[in-house]
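**Student:** Spelled out, the chains give:
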Amino acid sequence: MVDGEPADWNTALDLVARRFNETIAAHGPDSVAFYVSGQLLTEDYYVANKLMKGFIGSANIDTNSRLCMASSVAGHTRAFGEDIVPCCYEDLDEADLVVLVGSNAAWCHPILFRRLTDARERRGTKIVAIDPRRTATAADADLFLQLNPGTDVELFNGLLANLAGTPSLDSDYIDQFTTGFHETLEQARTDAPDIRTIAEICGLRQDDVRTFFELFAKTERTVTIYSQGVNQSSRGTDKVNAIINCHLATGRIGRPGTGPFSFTGQPNAMGGREVGGLSNQLAAHMDFTPENIDRVRRFWGAPRVAGRPGLKAVDLFSAVGEKRIKAIWVMGTNPAASLPDGNSVRMALKNCDFVVVSDCVADTDTGRLADVLLPAAGWGEKDGTVTNSERRISRQRAFMPLPQEAQPDWWIVTEIARRMGFADAFAYRRPSEIFREHAALSTFENNDSRVFDLGGLAGFDDRQYDLLPPIQWPVPIGEQSGKARIFADRKFPTPDGRARFVATPYRGPANATDDSAPLVLNTGRMRDQWHTMTRTGEVPRLMSQAPEPLLDIHPSDAARFGIADGGIAEISSSWGRAIARVRHTTDQKPGQAFLPMHWTDNLSARGTPGRVVNPACDAVSGQPELKHTPARVTPLNIRWEGVLLSHVRFRPRGLTHWSRSAVTGGYAYRLAGEEPIGEGILLGLSLMKERKDALDIHDKRRGIFRAASFDAGGVLTECLLVAPPGELPDTAWLAELFGSGSPVPAADRLLVLAARPVAASAGEGRIVCSCFGVGETRIARAIGDGARDTCALGRLLRCGTNCGSCLPELRDLISREAGHIPATPFDSAPGGKDPLACTI
Amino acid sequence: MIRERLLVVGNGMAGIRAIEEVLARAPGRYDIAVFGAEPHPAYSRIMLSPMLAGEKRFDEIVTHDRAWYEANGIALHTGVRVTAIHRDARIVVTGDGRSFAYDRLILATGSEPAPLPVPGSELPGVMTFRNAGDVEAMLRQTRDGARAVVIGGGLLGLEAAYGLKQRGMGVTVVHLMPHLMERQLDREAASLLQRELEARGIEVVCSARTAGISGTRQVRGVELADGRHLPADLVVVAIGVRPDIALAREAGLVTARGVVVDGAMRTSDPHIFAAGECAEHDGVCHGLIAPLYDMAKILAATLAGETASYAPLPTATRLKVSGIELFSAGDFSHDEGCEDIILRDPRRGAYRRLVLKNGRLIGAVLYGETSDGAFFFDLIQSGADTASMRDVLIFGRALCEAA
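Those protein sequence lines, which keep their order, are chains A and B.
With this note's numbering, you'll find the first sequence wraps up at 872, consecutive numbering, no jumps.
With this note's numbering, you'll find the second sequence wraps up at 588, consecutive numbering, no jumps.
Note that these hints are calculated values from the structure, not bench results.
No experiment lies behind these values; they were computed from the predicted model shown.
Note that beta-carbon positions come from the ideal geometry of N, C-alpha and C, so glycine has one too.
Simulated coverage check for chain B against chain A, where a stretch passes if three residues somewhere in it have a Cβ under 8 angstroms from a Cβ of chain A:
id	segment
1	526-539
2	570-582
Cβ pair distances, simulated, as ranges:
id	chain 1	residue 1	chain 2	residue 2	range
3	A	LYS732	B	ASP411	33 to 39 angstroms
4	A	ASN669	B	ARG545	28 to 34 angstroms
5	B	ARG380	A	LYS732	22 to 28 angstroms
Starting from the given sequences, assemble the full structure and let the hints guide the process.
**Tutor:** Right, here's the structure in full:
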């Protein structure tokens with residue numbers, strides 16, 4: 033699409049190449065930028081990086097990994113000299129203690145979390161969760177430290193200071209293989225002189241802090257997992273180093289069951305880091321030293337290699353807003369929705385001279401701002417490689433044909449590069465050619481100076497590439513088996529070969545709360561959703577767990593700000609505002625609110641958290657502080673609410689609040705407004721496409737209105753329900769009927785608007801297990817019939833027996849329905865029964 | 186022992202019902218005679234519409250044949266009109282000059298059609314729809330392609346229109362009010378009904394005042410006040426009924442719109458009782474079958490020496506037009522404090538309206554699908570508090586009982 037009109041590939045590619053060349057000619061290489069994605073394959077990433085850094089001559093290529101892994105990259109680089117994850121997944125099996133910091137792995141990495149809980153079954157692994165929120169992971173942990181947001185550095189400084197007084201401190205290791213320990217310990221002791229101070233700053237009980245420190249000190253095989261709670265912080269890099277410091281101090285790194293372990297957020301975040309897709313990397317784990325620049329220039333035969341780091345995501349879009357960047361190409365990501373200070377980002381893209389978006393999804397918040405929209409292949413249609421959190425490179429093979437005119441990203445980039453005049457350097461015909469070049473660059477003049485080395489794969493022919501089994505780098509020349517753990521040899525890729533302790537003075541988040549913004553807004557994932565829901569949002573089963581934007585707050589805050597459970601509220605900051613339904617939960621500490629990261633303008637009137645989130649960034653990594661924004665919450669004077677079930681996908685206009693979620697057979701729209709209910713009914717009706725012949729009921733005094741349309745065969749095709757706030761019925765049964773496509777017998781037609789089956793026991797209810805589509809009603813019945821653990825539920829209904837991410841909720845349901853608590857309490861023998869651990 | 190003489194004037198549905206009740210409550214106590222102006226034994230007046238439509242034959246709507254009267258020892262005088270009551274002597278005089286003495290007298294004279302006060306209403310071919318004779322007269326006039334105009338879009342008029350249509354006539358209904366059956370239906374239900382009738386080829390003209398009936402020796406058409414002329418070979422006037430109280434008034438009984446009765450169905454003369462459409466209780470004359478039966482029951486109890494008092498209940502109506510389901514019960518005039526719950530299904534021509542007052546159901550209109558009529562009628566009659574089932578009330582019995 034060019035300017036909203038369909039165009040053929042040649043026209044679109046020529047236009048993009050011409051506009052980029054013209055912009056570069058007029059304003060220099062730094063006037064253009066790429067913003068790419070951890071969902072590109074390594075080969076896509078490689079050619080995009082090569083084009084920008086080697087041929088356009090700017091390093092203005094950044095990636096959504098900046099929002100995700102940048103602090104880990106920076107922390108690793110500071111400590112080890114290179115962005116290295118030393119661990120492998122087997123370490124989860126081998127550890128006796130696993131500390132999860134800022135990681136809701138139970139939801140975000142359910143397969144790994146299962147692996148961990150399975151290991152606990154076998155060996156009694158202790159699990160400690162450290163998080164400001166009581167997440168599903170926290171609920172399943174043996175010890176949960178619900179620390180104040182942003183105080184991780186204080187806690188790990190305290191841990192380091194505490195370890196220094198215990199036999200667990202590995203002085204030999206410190207002396208022989210590290211530098212900087214004493215300054216770092218001094219700093220830690222200054223920040224964390226005693227347990228009381230730590231507990232106070234972190235908002236923890238002293239006993240819990242002591243228990244954690246003792247557990248860590250006495251457990252040799254300790255793995256510390258960290259994820260977005262650590263990374264997405266203005267102190268993210270320091271948090272990473274504070275954690276690594278503790279592992280270096282105990283020598284717990286590079287050995288089975290030990291190490292600091294960063295869990296990545298995206299399928300190919302690691303691959304992007306390998307090729308150098310972040311603007312402060314050059315390529316293949318090389319930074320912008322003169323030697324590296326020269327080396328890459330020679331390898332690529334590049335006319336003008338970027339000589340210095342480019343702009344990081346937040347600054348890059350500021351530059352777009354300031355017109356310093358005049359042309360930008362966004363690949364496979366949705367910055368309009370995902371970046372902080374979203375209003376400014378949207379404005380920047382809107383006013384930018386030339387915006388290209390390539391995506392496998394046509395309709396995104398960013399795509400709507402594009403001058404040129406290019407259809408890119410989706411993951412199941414692509415061919416290439418990805419690398420996971422344990423450095424394991426896997427081939428990704430297409431299992432779906434390319435739909436219509438879609439093309440893989442590497443092809444699109446290559447075609448543009450050729451049209452920009454770089455045909456010789458972008459002569460690729462297939463991904464294998466790119467991979468070989470990528471592997472060759474990694475080993476080019478390496479001489480053990482960079483751990484990242486794929487020399488052993490550089491000579492693979494197409495067949496070998498096709499058959500490549502999953503393999504963990506490094507794979508230097510002469511090797512083909514990969515390496516599970518790094519630093520077993522205690523050699524680090526720093527100039528002196530030693531790991532570096534990094535002093536991490538504790539400082540709070542960038543922006544503090546005050547009277548006008550008394551709450552901390554945290555953001556994060558929902559169980560079944562991915563990023564801005566452009567794909568998972570279209571899957572009814574996945575949408576059923578949390579079908580609308582929910583703002584979680586503690587009941588005491590809700591009381592303070594006068595916000596009812598289930599009411600609609602606005603959350604606002606100095607940067608912008610969002611609207612969501614409020615859920616009271618004691619999983620939040622008082623003073624903190626939580627908004628899912630996923631909602632966009634595409635799916636809601638104003639559910640996008642990015643508009644509210646502050647653009648403060650980590651000074652080292654440039655990663656934005658997505659999990660800490662001072663904000664205030666105010667109730668909206670909602671006078672009516674509605675639900676519309678429709679086959680049609682659209683964005684309602686003129687409503688205070690709406691959100692859309694995919695349901696089987698169409699979409700459910702949740703509506704709300706501040707108008708009198710009579711107007712709300714008219715607004716709702718205006719959204720119905722087939723209202724003329726609709727069946728409706730109207731209880732005027734109570735403001736209850738419901739309408740339904742049927743096709744000639746009696747199949748429910750559209751349904752609207754409007755009621756005063758809080759009085760809408762449960763629509764699960766209606767949605768089931770809507771999705772079933774089965775005709776409604778004439779006799780039952782009127783009953784449809786009752787929104788429930790005549791037999792009260794029928795129906796699935798809200799879906800709990802997304803894998804098998806098992807709903808709350810059926811689960812509750814099974815529990816009522818005697819199922820007393822998740823094992824029994826799994827046998828009966830299959831729920832929880834696949835990915836397992838619903839297991840915490842299944843346990844909650846058992847305890848709620850049966851008054852029986854199936855959890856695994858701290859210090860008890862491992863005995864939690866989960867379906868995969870039992871015979872089904 | 187000499188039995189008391191009980192005379193019943195009127196062999197319609199109220200009269201025969203009263204006799205049945207007396208037989209049940211005071212068997213053997215009365216010597217009963219009944220006078221019917223029509224030549225038939227008792228038949229069901231409410232089945233005249235199906236008879237007109239050709240869906241029933243007369244013998245199928247007879248409820249009590251002559252053998253029944255005989256078997257119960259009742260003297261049946263058909264085709265005999267009672268013309269006077271001499272209360273002092275306690276005798277009645279019939280049109281053929283005979284006198285009959287009574288100890289107790291029941292007046293069940295029913296109603297007569299309200300006349301249309303316009304020029305031409307006496308023309309041959311202008312008819313009413315009240316009894317079997319009217320149906321027979323209409324049937325003599327019907328022929329394919331002939332045109333009928335029915336004046337009055339109430340229950341009876343519409344049933345007449347449907348019947349004539351079924352007999353092959355072109356039919357137009359002329360109604361004074363803006364919508365059909367305004368006493369039983371609201372505007373929406375009425376428009377559904379109108380659409381349905383129109384779909385069956387019956388023309389409906391609402392808000393139309395009849396100015397006159399044209400024709401010289403035979404009716405030729407209906408003139409509307411707005412100047413329209415509707416050609417007609419047959420005109421049926423069905424603009425309402427009025428209680429037939431001539432006999433009672435002549436006899437000096439207290440009458441108003443009807444023969445005034447007390448709760449025991451007694452008129453101002455302690456030996457004379459009244460029941461059915463001719464009776465006025467508490468200022469109200471009732472025209473439907475249920476109150477009529479209730480009155481008969483009370484009257485019989487009184488005659489049996491029991492103490493009983495009539496308490497009118499809300500009434501329900503069904504339109505007897507094949508394929509049109511219409512049920513109406515209770516009150517749905519728009520009073521202060523009334524709340525509506527409305528369900529509409531225009532495509533299938535279904536409609537429901539419930540009227541609540543103070544949490545109680547006081548009225549219901551069901552159109553298109555009336556199987557819950559009895560359920561709502563029960564709720565109206567019992568006056569039960571419906572607050573707990575309000576969310577599902579409109580959906581009827583199945584969901585209310587699950588609630």
